[in-house]
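Undergrad: Each chain, written out:
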Amino acid sequence: MELILKLREQVIEGEEEQVVELVKEALDRGIDVGTIVQDGLIEAMNIVGPKMASGELFIPEVLRCAEAMKEGLEIVKPMLKAGDVKSKGKVVIGTVKGDLHDIGKNLVAMMLESSGFEVIDLGISQPEENFIRAVEEHNPDIVGVSALLTTTLPAMRDTVKVLKEKGISAKVIVGGAPVDEDFAREIGADGYAFDGAEAVLLAKKLMA
Amino acid sequence: MLKGGIESNALKFLTDEDIKKIHQASMTVLAEAGVEIHERAALDLCAEKGARVDYDRNRACFNEDLVMQAVETAPSTVTIYGRGDDSRNITLGGTKVYMGTGGTALNVIDFDRKRRKTTVEDIAKTARLINGLDNIHFFVIPCYPNELDTEVVDVNRFYHSINNTTKPIMGGLFTEDGVDRVINMAAEIAGGLDKLVERPFISFISSILSPLKFDDVRTRMLMKISKAGLPVATSCAPLAGATSPVTLAGTLVQLNAEALSGVVLSQLVHPGAPILYSAVPTIMDMQTMSFLFGSVESGIMNAAAAQMAQFYKLPLYSTGGISDSKQPDQQAGYEKVLTALMPALAGANFIHEAAGQLDSGMTISYAQYVIDNDINGQVMRAVRGIEVDEYTLAAEVITKVGPGGNFLAEKQTAKKMRTEFYYPKVSNRTNYAGWEQAGCKDTWTLAEEVARQILENHTPDSIPEEIDKKIREMEPGIK
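Residue numbers (this note's numbering), protein chains in the order written: chain A, 1 to 208; chain B, 209 to 687.
Don't read these hints as lab results, they were simulated from the structure. Beta carbons: idealized from backbone N, C-alpha and C, even for Gly. Hints are not guaranteed to be accurate.
As the list claims (entries may be wrong) - Label pairs and their calculated CB-CB ranges:
id	chain 1	residue 1	chain 2	residue 2	range
1	A	Glu17	B	Phe615	29 to 37 Å
2	B	Glu664	A	Arg185	55 to 63 Å
3	B	Val609	A	Phe183	28 to 36 Å
4	B	Phe615	A	Leu27	47 to 55 Å
5	B	Pro611	A	Pro127	17 to 25 Å
Only chain B is shown next, with the shape it has when bound in the complex (with noise of 0.2 Å):
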């Protein structure tokens, strides 16, 4: 098992040149440009703090000072927590690397193979999965339950992925009250409000629309949770082609207004609450007019954001991992390395949708967990590198074997093969008589075996029983 928070920045598509001129261009877009605002309090809170504001276009105009004054105040390292277990939390920041689910889907591809609509039933089961695969540090919730009214849905969405896995949790939010509850409810499990806010298990998103606008629910949703001083991600998806330049440059540039104008507005809310530059830089298939999410383009771009992100020494919320095809299939295994793999060697920090996520996002799939989980595994072991010491130099133990012989009954090789190689849990990597013997299963089928076998058998730490009476008499909504 490689645990997160392995650092690298192995790969740098942008000059130190780049990113100051990408900085830049950012700068003079959100000084002249700004951004749109559709709730009156925040407009009021910038026009307090020095924004320019024009209140008959509901626009917000940030200088460079206040911009940076804001990066200033901003955490550079946000911890999100595991619930009662520290081995998990998640230290975001810097160039360290971690890979968990994405949301939100409305269809899941279950063991039948056939897609049907989300229940809240498949939060619970995707969380306690997840719970149970090394290599996914997270719980971003992935699905909506379809067939639960709107007003209870928040609180079931975290209730049932809180009380199946103790990993860090974040999700979005679908109705406004829904933010007071949800952190009612987790407050009750911490021991207090003043416990959560110390020790923050689960964390919370708020999109930014791009280009460049703040819908009012939304704006209210950060501004509370930065106001309790909950960790929170903005989730900006600029959409190269469509809704930002066609240009990876030119989408970066609005993409880092877009992350930097949600750090912002934490700030001016509440100075040093923890927030996320958040990245989900995308394109549109000009020619299908599709949204794509598991393009090439993306994953170049996703690791561009991690260096701007590091520049302005920023914890960051990224994207990887992810994938348009509709089942697990070679197209999600190509798409999913590449979107994962770039991201992770410029030292994205929180790489989520990296789980479970088919069909741009529309569909996740049981499979598709295992599958990614050994993705991820093999991800990490390459943001781990090479380590180079006079022990794995090895010249003494090549000198010692000599020319024509072999390495296999060395004592270094027994020491260090479990931990210097990656062994996947759904690859076919015997000879074709081993596999034949085996049954000729494909990945899917083998990674549906690895997941039927973790939801039978493995049991996470549940909501303590008297904590659980008391959340359901606070919410008889919850399922």
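Bound-form chain A, shown alone (with noise of 0.2 Å):
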């Protein structure tokens, strides 16, 4: 056990290196593969969540964990039964048609995805039915629509309209440095988030 609580902690030191050696070493001493995974991998990240909720992490090390965590669950991939990691929720995200910004995005799909979300990412300036394309394809849980630039507004107006109108089953959330719960809520969107983490916590409501 001092072996899972040592790659714990590398996990969430992030240091992707030391979890790789860990996880190899814990298979080679027969340590089951589901405690590797539950006890290992996925409690570091329980652990991850609370301190950057609390600031003692930033979200560059938060990275560096999902990131540690990944490179460890790749290893005993091949040897997971079905139910071993579970998934919190499927996410198609995007940035709006005319909007080639994409930090903010990104961010959050990092996030989405160091919190055990899945996420399929379409990229930058996409039109309305590469959104309707990907949901039918996917069949996400939750649509996240982004938007940095003022003038690109009403393309997300029209995407979420457009979503609505296909009666999807899916959440469309929105965000962007334009965006706030006032327009979210105008447009018919299921939720906004002001930032990163606050997208985390608006995905796992949606889900619960």
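Combine the two chains into a complex, taking the hints into account.
TA: As structure tokens, this is what we get:
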């Protein structure tokens, strides 16, 4: 169990090489894959979450932790049985047509991923039909629509409108610098978050 | 946290040629006008050591040789110690920057936002507060205990400072025998006068008056302190337009003459005694005849004074981070940044008044200490400047991330983000919704919250009980 504790610690430290070594060592010692994943890797991320919320860890550190966890998971992936790793939900995310900005959207995507969501990132300047196609293809639980420019807010309004008219079951959430709670409500979105951490909380709330 | 003592010479208002011209002009002033000294023993000493003394006019004139000899014997670095904590020592000299509090205010804006007279409790509380604020590197006793009888003011001011912070302490004195009593008290804590002199955790201010005047009491204090071998600043505060020329250059000439005359007197008393080249250059508002502490001109002159002290290789007592505003508001913010940043970037050693002071030094505010801690942190970040090496140039990381990528999850980001940027305690830095969610608080309110929290939870190492008992027997007037 000491080894698992050490593994957890190294995930929290974001030391991916160490994590890979420790996972291999655990496998060599015959430790059960489920234990490695649940008590080592996933439990580490459960510790990381509150540390981020309290401000003790900064987001880039959390991303390092998530990266380390992912590297560890890669090794045991072939041995995993169904149910060993549970996704918190599936999210399709993209920036609306005419907007080439993506740092905010990327940050949200990375944070959702490191919180256990499966994320399909469509990228920048996506027309409405691409959002529709992605929803049909991936059947997500949540669709995230992003805009940074004030001038692309109409495109966000249109995208949300089309998704809603299609009657998709996924919840549609929006975000970006010019967006606020009032605008989100006005265009018929199911949720709004003002930063990456809030977006994770919102996604979890919608999945509950 | 950015520790004090980082070096900077990024800002230079004076060319080498300008510095020499100011030096020469000051030499002319000291040789021809000289300084007025109202203490006979000091005049006698000056005469004995080769100064031209006119007893009828209480004047002592110093030629360049005599001045430069004093500059030579004065130490180039002076260390003021943390009490029982060497990590808090400040080593003044060269271009090392430290920032701290200043005095002496008579009023305080308390947590109820009302202005009232300061008491001895405010000395204890400000000392405790700054002990918990990383970017305030030393404690100049900031206020006056209005409720006390004059004869116990000095011992109380120093006692409550020492008892509530382990950071280096400096203070002005209000009674002549206060010097001896404060030194005795500190010696008791240090385990003997020799130990105190060897590692002084207290130091003094004994002012010279502008223009060019030593009064009798402060001269005797200065001589006593220098004789004992404890660090002292002579706090020369020319008021451009009123007590010095209206030109910044002229004020610098006079300030330089005054600062050097303090060095001369201390070195005549005790060659090698720790003395600071002391600069408090200010201006008068010629429209209103108000004394101004937080002017941009003050900032410029303090930066120039740093260059002068560096020219003489003398440790500097300088001034910055101060405001004429009456409360922690916008004016306080910009005046403090302006007057702190300029001397700091010029490598000023001991930037006092750089925490808690408002109202041209007449009022302190608990919230303002917390705000100024953040200003100082950001100023010290600027002092640190840009570190350029292979790792920080990051060509490898830029190449790895490539066009269109991002640096959020890079190892370098996680490794350097806490030290490469400064993180203020009381700035609003989230987006609008985040600010609303946190209660729409302004800086003043946030600073009050931090100040309260420190005062409630922070307990510095106080004076050991045994010694404390002894001191209180020696000085029953201690509150």
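Undergrad: Checking each numbered hint in turn, tell me which of them this model violates, lowest number first.
TA: Of the numbered hints, 1, 2 and 4 do not hold.
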